[in-house]
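Asker: Sequence:
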Amino acid sequence: MEYEEIMKKLIKKTMRMFYETHHAVIMDILLEYMIMYDNEICEKMKMLNKEFNRLVVKLKDDKLLKAETKIETKSDGRQLLRCVYFIVYSEIKDVIKYKIFKMSRFLEQEIKNTEKLQGYKCSSCFKEFGVLEAQRLLENFIFKCDECSGKLIENKGKTSIDDPHMLHSIMMNELTEVISMLKELDKHNIPSIDYFQVLALRKGKEMMKSSSLKSEYKMCEIQEEEEKQEIFAENEEKNVELNFKVFQKQEESKNEV
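The sequence shown: position 216 = 216 (the UniProt record's numbering), numbered continuously.
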(Lines of atoms letter the chains of each structure in order from A and count residues from 1; the text may use other names and numbers.)
(Lines give C-alpha, C1' and ligand atoms only; values in the text may rest on other atoms or scores of the structure.)
Protein backbone atom coordinates (compact mmCIF):
# COMPACT_ATOMS: atom_id res chain seq x y z
CA MET A 1 0.00 0.00 0.00
CA GLU A 2 1.79 3.09 -1.30
CA TYR A 3 -0.29 5.44 0.82
CA GLU A 4 0.24 3.66 4.14
CA GLU A 5 3.37 5.51 5.28
CA ILE A 6 1.81 8.91 4.46
CA MET A 7 -1.38 7.86 6.24
CA LYS A 8 0.51 6.82 9.36
CA LYS A 9 2.41 10.10 9.40
CA LEU A 10 -0.84 12.07 8.96
CA ILE A 11 -2.54 10.25 11.84
CA LYS A 12 0.40 10.71 14.20
CA LYS A 13 0.67 14.41 13.33
CA THR A 14 -3.06 15.01 13.77
CA MET A 15 -3.25 13.10 17.06
CA ARG A 16 -0.46 15.16 18.57
CA MET A 17 -2.03 18.42 17.41
CA PHE A 18 -5.63 17.90 18.52
CA TYR A 19 -5.67 15.15 21.15
CA GLU A 20 -4.17 14.26 24.50
CA THR A 21 -1.11 12.06 24.88
CA HIS A 22 -2.97 8.88 25.88
CA HIS A 23 -5.18 9.17 22.79
CA ALA A 24 -2.06 9.44 20.62
CA VAL A 25 -0.54 6.37 22.30
CA ILE A 26 -3.67 4.28 21.65
CA MET A 27 -3.59 5.22 17.97
CA ASP A 28 0.16 4.55 17.74
CA ILE A 29 -0.43 1.01 19.04
CA LEU A 30 -3.22 0.40 16.54
CA LEU A 31 -1.09 1.81 13.72
CA GLU A 32 1.51 -0.82 14.51
CA TYR A 33 -0.81 -3.81 14.98
CA MET A 34 -3.84 -2.64 12.91
CA ILE A 35 -6.35 -4.62 14.99
CA MET A 36 -6.29 -5.54 18.70
CA TYR A 37 -8.53 -6.66 21.54
CA ASP A 38 -9.10 -4.23 24.39
CA ASN A 39 -7.13 -6.33 26.88
CA GLU A 40 -4.16 -6.45 24.46
CA ILE A 41 -4.08 -2.65 24.24
CA CYS A 42 -4.43 -2.39 28.03
CA GLU A 43 -1.47 -4.70 28.44
CA LYS A 44 0.61 -2.56 26.10
CA MET A 45 -0.39 0.64 27.93
CA LYS A 46 -0.08 -0.92 31.40
CA MET A 47 -3.56 0.16 32.47
CA LEU A 48 -6.85 -1.34 33.65
CA ASN A 49 -9.75 -2.00 31.26
CA LYS A 50 -11.94 0.47 33.12
CA GLU A 51 -9.46 3.29 32.60
CA PHE A 52 -8.90 2.36 28.96
CA ASN A 53 -12.65 2.27 28.24
CA ARG A 54 -12.93 5.80 29.60
CA LEU A 55 -10.11 7.07 27.41
CA VAL A 56 -11.20 5.37 24.18
CA VAL A 57 -14.66 7.00 24.18
CA LYS A 58 -13.31 10.19 22.60
CA LEU A 59 -11.68 8.29 19.74
CA LYS A 60 -14.84 6.28 19.07
CA ASP A 61 -17.01 9.40 19.14
CA ASP A 62 -14.70 11.11 16.65
CA LYS A 63 -14.78 7.98 14.43
CA LEU A 64 -11.00 7.63 14.44
CA LEU A 65 -11.24 3.95 15.30
CA LYS A 66 -13.85 1.26 14.94
CA ALA A 67 -14.99 -1.20 17.59
CA GLU A 68 -16.79 -4.53 17.32
CA THR A 69 -17.90 -6.96 20.00
CA LYS A 70 -16.86 -10.58 19.55
CA ILE A 71 -17.78 -13.73 21.49
CA GLU A 72 -14.78 -15.73 22.67
CA THR A 73 -15.25 -19.33 23.83
CA LYS A 74 -12.81 -20.41 26.54
CA SER A 75 -11.35 -23.92 26.88
CA ASP A 76 -13.84 -24.69 29.67
CA GLY A 77 -16.80 -23.78 27.44
CA ARG A 78 -17.45 -20.36 28.98
CA GLN A 79 -18.24 -17.55 26.56
CA LEU A 80 -16.83 -14.06 27.01
CA LEU A 81 -17.68 -10.82 25.24
CA ARG A 82 -14.55 -9.16 23.92
CA CYS A 83 -14.22 -5.77 22.25
CA VAL A 84 -11.87 -5.53 19.30
CA TYR A 85 -10.56 -2.21 17.96
CA PHE A 86 -9.20 -1.47 14.51
CA ILE A 87 -8.56 1.45 12.18
CA VAL A 88 -9.78 2.13 8.65
CA TYR A 89 -7.56 4.57 6.77
CA SER A 90 -10.23 5.83 4.38
CA GLU A 91 -12.55 6.84 7.22
CA ILE A 92 -9.79 8.48 9.26
CA LYS A 93 -8.74 10.55 6.25
CA ASP A 94 -12.31 11.80 5.78
CA VAL A 95 -12.63 12.58 9.50
CA ILE A 96 -9.43 14.65 9.49
CA LYS A 97 -10.49 16.53 6.34
CA TYR A 98 -13.88 17.33 7.86
CA LYS A 99 -12.34 18.43 11.16
CA ILE A 100 -10.01 20.88 9.41
CA PHE A 101 -12.84 22.13 7.19
CA LYS A 102 -15.08 22.80 10.21
CA MET A 103 -12.31 24.56 12.12
CA SER A 104 -11.46 26.75 9.14
CA ARG A 105 -15.12 27.65 8.51
CA PHE A 106 -15.64 28.43 12.20
CA LEU A 107 -12.69 30.82 12.30
CA GLU A 108 -13.73 32.45 9.01
CA GLN A 109 -17.17 33.09 10.48
CA GLU A 110 -15.57 34.47 13.63
CA ILE A 111 -13.51 36.82 11.49
CA LYS A 112 -16.66 38.06 9.74
CA ASN A 113 -18.44 38.51 13.07
CA THR A 114 -15.47 40.38 14.50
CA GLU A 115 -15.32 42.69 11.49
CA LYS A 116 -19.00 43.44 11.92
CA LEU A 117 -18.54 44.17 15.59
CA GLN A 118 -15.37 46.24 15.15
CA GLY A 119 -16.03 48.15 11.92
CA TYR A 120 -15.72 51.91 12.52
CA LYS A 121 -16.47 54.45 15.23
CA CYS A 122 -17.01 58.19 15.23
CA SER A 123 -14.00 60.17 16.44
CA SER A 124 -16.36 62.73 18.01
CA CYS A 125 -19.40 60.99 19.50
CA PHE A 126 -17.88 57.45 19.45
CA LYS A 127 -20.92 55.92 17.79
CA GLU A 128 -19.99 52.54 16.31
CA PHE A 129 -20.77 51.31 12.79
CA GLY A 130 -20.39 47.95 11.11
CA VAL A 131 -18.28 47.67 7.95
CA LEU A 132 -21.34 47.58 5.69
CA GLU A 133 -23.01 50.45 7.55
CA ALA A 134 -19.96 52.64 7.06
CA GLN A 135 -20.01 52.12 3.28
CA ARG A 136 -23.19 54.20 2.90
CA LEU A 137 -21.69 57.05 4.97
CA LEU A 138 -18.86 57.75 2.52
CA GLU A 139 -18.83 61.44 1.56
CA ASN A 140 -16.00 63.02 -0.49
CA PHE A 141 -13.92 59.92 0.16
CA ILE A 142 -14.36 60.38 3.92
CA PHE A 143 -16.53 58.28 6.22
CA LYS A 144 -18.75 60.66 8.24
CA CYS A 145 -20.97 59.97 11.22
CA ASP A 146 -24.69 60.23 10.47
CA GLU A 147 -25.24 61.74 13.93
CA CYS A 148 -22.61 64.48 14.26
CA SER A 149 -20.80 64.36 10.91
CA GLY A 150 -17.61 63.50 12.74
CA LYS A 151 -14.91 61.53 10.95
CA LEU A 152 -15.14 57.75 11.26
CA ILE A 153 -12.02 55.88 12.27
CA GLU A 154 -11.32 52.14 12.23
CA ASN A 155 -12.45 50.44 15.41
CA LYS A 156 -9.67 47.88 15.71
CA GLY A 157 -10.34 46.87 19.27
CA LYS A 158 -7.78 44.79 21.13
CA THR A 159 -5.45 42.44 19.34
CA SER A 160 -4.78 39.26 21.30
CA ILE A 161 -4.28 35.56 20.86
CA ASP A 162 -8.10 35.34 20.71
CA ASP A 163 -8.19 37.50 17.58
CA PRO A 164 -9.80 35.26 14.90
CA HIS A 165 -7.44 36.64 12.21
CA MET A 166 -4.44 35.64 14.28
CA LEU A 167 -5.92 32.27 15.23
CA HIS A 168 -6.73 31.49 11.61
CA SER A 169 -3.21 32.44 10.52
CA ILE A 170 -1.63 30.32 13.27
CA MET A 171 -3.87 27.37 12.50
CA MET A 172 -3.17 27.44 8.76
CA ASN A 173 0.59 27.65 9.37
CA GLU A 174 0.48 24.65 11.68
CA LEU A 175 -1.74 22.69 9.30
CA THR A 176 0.40 23.25 6.20
CA GLU A 177 2.00 19.80 6.47
CA VAL A 178 -1.32 18.10 7.26
CA ILE A 179 -3.06 19.71 4.28
CA SER A 180 -0.13 18.73 2.04
CA MET A 181 -0.43 15.09 3.15
CA LEU A 182 -4.19 15.11 2.58
CA LYS A 183 -3.67 16.38 -0.97
CA GLU A 184 -1.14 13.63 -1.59
CA LEU A 185 -3.55 11.00 -0.23
CA ASP A 186 -6.30 12.26 -2.54
CA LYS A 187 -4.23 10.85 -5.41
CA HIS A 188 -4.71 7.33 -4.04
CA ASN A 189 -7.81 5.18 -3.96
CA ILE A 190 -7.95 4.17 -0.29
CA PRO A 191 -10.50 1.37 0.12
CA SER A 192 -13.00 1.08 2.96
CA ILE A 193 -12.43 -2.26 4.69
CA ASP A 194 -14.21 -4.25 7.38
CA TYR A 195 -13.10 -6.30 10.40
CA PHE A 196 -12.31 -9.45 8.43
CA GLN A 197 -10.27 -7.58 5.82
CA VAL A 198 -8.26 -5.76 8.49
CA LEU A 199 -7.64 -9.09 10.24
CA ALA A 200 -6.45 -10.62 6.97
CA LEU A 201 -4.12 -7.65 6.38
CA ARG A 202 -2.59 -8.05 9.83
CA LYS A 203 -2.01 -11.78 9.31
CA GLY A 204 -0.48 -11.08 5.91
CA LYS A 205 1.91 -8.52 7.41
CA GLU A 206 2.86 -10.90 10.22
CA MET A 207 3.63 -13.63 7.68
CA MET A 208 5.75 -11.23 5.62
CA LYS A 209 7.57 -10.09 8.75
CA SER A 210 8.15 -13.70 9.82
CA SER A 211 9.39 -14.59 6.33
CA SER A 212 11.66 -11.56 6.35
CA LEU A 213 13.11 -12.56 9.72
CA LYS A 214 13.71 -16.10 8.47
CA SER A 215 15.46 -14.73 5.39
CA GLU A 216 17.62 -12.49 7.55
CA TYR A 217 18.46 -15.44 9.82
CA LYS A 218 19.33 -17.57 6.77
CA MET A 219 21.53 -14.81 5.38
CA CYS A 220 23.31 -14.59 8.74
CA GLU A 221 23.90 -18.36 8.68
CA ILE A 222 25.29 -18.17 5.13
CA GLN A 223 27.51 -15.24 6.04
CA GLU A 224 28.75 -17.05 9.15
CA GLU A 225 29.52 -20.19 7.10
CA GLU A 226 31.38 -18.12 4.50
CA GLU A 227 33.44 -16.51 7.24
CA LYS A 228 34.28 -19.95 8.64
CA GLN A 229 35.33 -21.13 5.17
CA GLU A 230 37.54 -18.07 4.74
CA ILE A 231 39.19 -18.65 8.12
CA PHE A 232 39.68 -22.34 7.29
CA ALA A 233 41.22 -21.46 3.92
CA GLU A 234 43.56 -18.94 5.55
CA ASN A 235 44.65 -21.53 8.14
CA GLU A 236 45.23 -24.14 5.43
CA GLU A 237 47.35 -21.69 3.48
CA LYS A 238 49.39 -20.90 6.58
CA ASN A 239 49.86 -24.63 7.31
CA VAL A 240 51.06 -25.30 3.76
CA GLU A 241 53.50 -22.41 3.99
CA LEU A 242 54.75 -23.60 7.38
CA ASN A 243 55.21 -27.19 6.19
CA PHE A 244 57.10 -25.96 3.15
CA LYS A 245 59.49 -23.97 5.34
CA VAL A 246 60.06 -27.02 7.57
CA PHE A 247 60.75 -29.13 4.49
CA GLN A 248 63.23 -26.55 3.20
CA LYS A 249 65.12 -26.56 6.49
CA GLN A 250 65.26 -30.35 6.50
CA GLU A 251 66.68 -30.36 2.98
CA GLU A 252 69.23 -27.73 3.88
CA SER A 253 70.33 -29.82 6.88
CA LYS A 254 70.80 -32.92 4.67
CA ASN A 255 72.91 -30.98 2.20
CA GLU A 256 75.17 -29.68 4.95
CA VAL A 257 75.80 -33.24 6.19
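Because the hints were derived from the structure by calculation, they are not lab data.
Heads up, some of the hints might be wrong.
Said to hold, decoys possible - Restricting the straight-line Cα-Cα distance to at most 30 Å, the calculated cross-link-like pairs of lysine-lysine (BS3-like) are:
1) 12 / 127
2) 70 / 50
3) 151 / 66
4) 99 / 112
5) 183 / 151
6) 66 / 9
7) 13 / 44
8) 127 / 102
9) 112 / 70
10) 63 / 187
11) 63 / 151
12) 203 / 70
13) 60 / 151
14) 13 / 60
15) 121 / 74
16) 203 / 63
17) 102 / 70
18) 50 / 203
19) 97 / 66
20) 102 / 66
21) 205 / 9
22) 8 / 46
23) 70 / 44
24) 8 / 187
25) 44 / 58
26) 97 / 74
Asker: With reference to the structure, classify each hint as holding or not holding.
Answerer: Status of each hint after checking the structure:
{"no.": "1", "hint": "12 / 127", "in the structure": "violated (50 Å)"}
{"no.": "2", "hint": "70 / 50", "in the structure": "holds (18 Å)"}
{"no.": "3", "hint": "151 / 66", "in the structure": "violated (60 Å)"}
{"no.": "4", "hint": "99 / 112", "in the structure": "holds (20 Å)"}
{"no.": "5", "hint": "183 / 151", "in the structure": "violated (48 Å)"}
{"no.": "6", "hint": "66 / 9", "in the structure": "holds (19 Å)"}
{"no.": "7", "hint": "13 / 44", "in the structure": "holds (21 Å)"}
{"no.": "8", "hint": "127 / 102", "in the structure": "violated (34 Å)"}
{"no.": "9", "hint": "112 / 70", "in the structure": "violated (50 Å)"}
{"no.": "10", "hint": "63 / 187", "in the structure": "holds (23 Å)"}
{"no.": "11", "hint": "63 / 151", "in the structure": "violated (54 Å)"}
{"no.": "12", "hint": "203 / 70", "in the structure": "holds (18 Å)"}
{"no.": "13", "hint": "60 / 151", "in the structure": "violated (56 Å)"}
{"no.": "14", "hint": "13 / 60", "in the structure": "holds (18 Å)"}
{"no.": "15", "hint": "121 / 74", "in the structure": "violated (76 Å)"}
{"no.": "16", "hint": "203 / 63", "in the structure": "holds (24 Å)"}
{"no.": "17", "hint": "102 / 70", "in the structure": "violated (35 Å)"}
{"no.": "18", "hint": "50 / 203", "in the structure": "holds (29 Å)"}
{"no.": "19", "hint": "97 / 66", "in the structure": "holds (18 Å)"}
{"no.": "20", "hint": "102 / 66", "in the structure": "holds (22 Å)"}
{"no.": "21", "hint": "205 / 9", "in the structure": "holds (19 Å)"}
{"no.": "22", "hint": "8 / 46", "in the structure": "holds (23 Å)"}
{"no.": "23", "hint": "70 / 44", "in the structure": "holds (20 Å)"}
{"no.": "24", "hint": "8 / 187", "in the structure": "holds (16 Å)"}
{"no.": "25", "hint": "44 / 58", "in the structure": "holds (19 Å)"}
{"no.": "26", "hint": "97 / 74", "in the structure": "violated (42 Å)"}
Violation of the numbered hints given earlier is confined to hints 1, 3, 5, 8, 9, 11, 13, 15, 17, 26; the remaining hints are satisfied by the structure.
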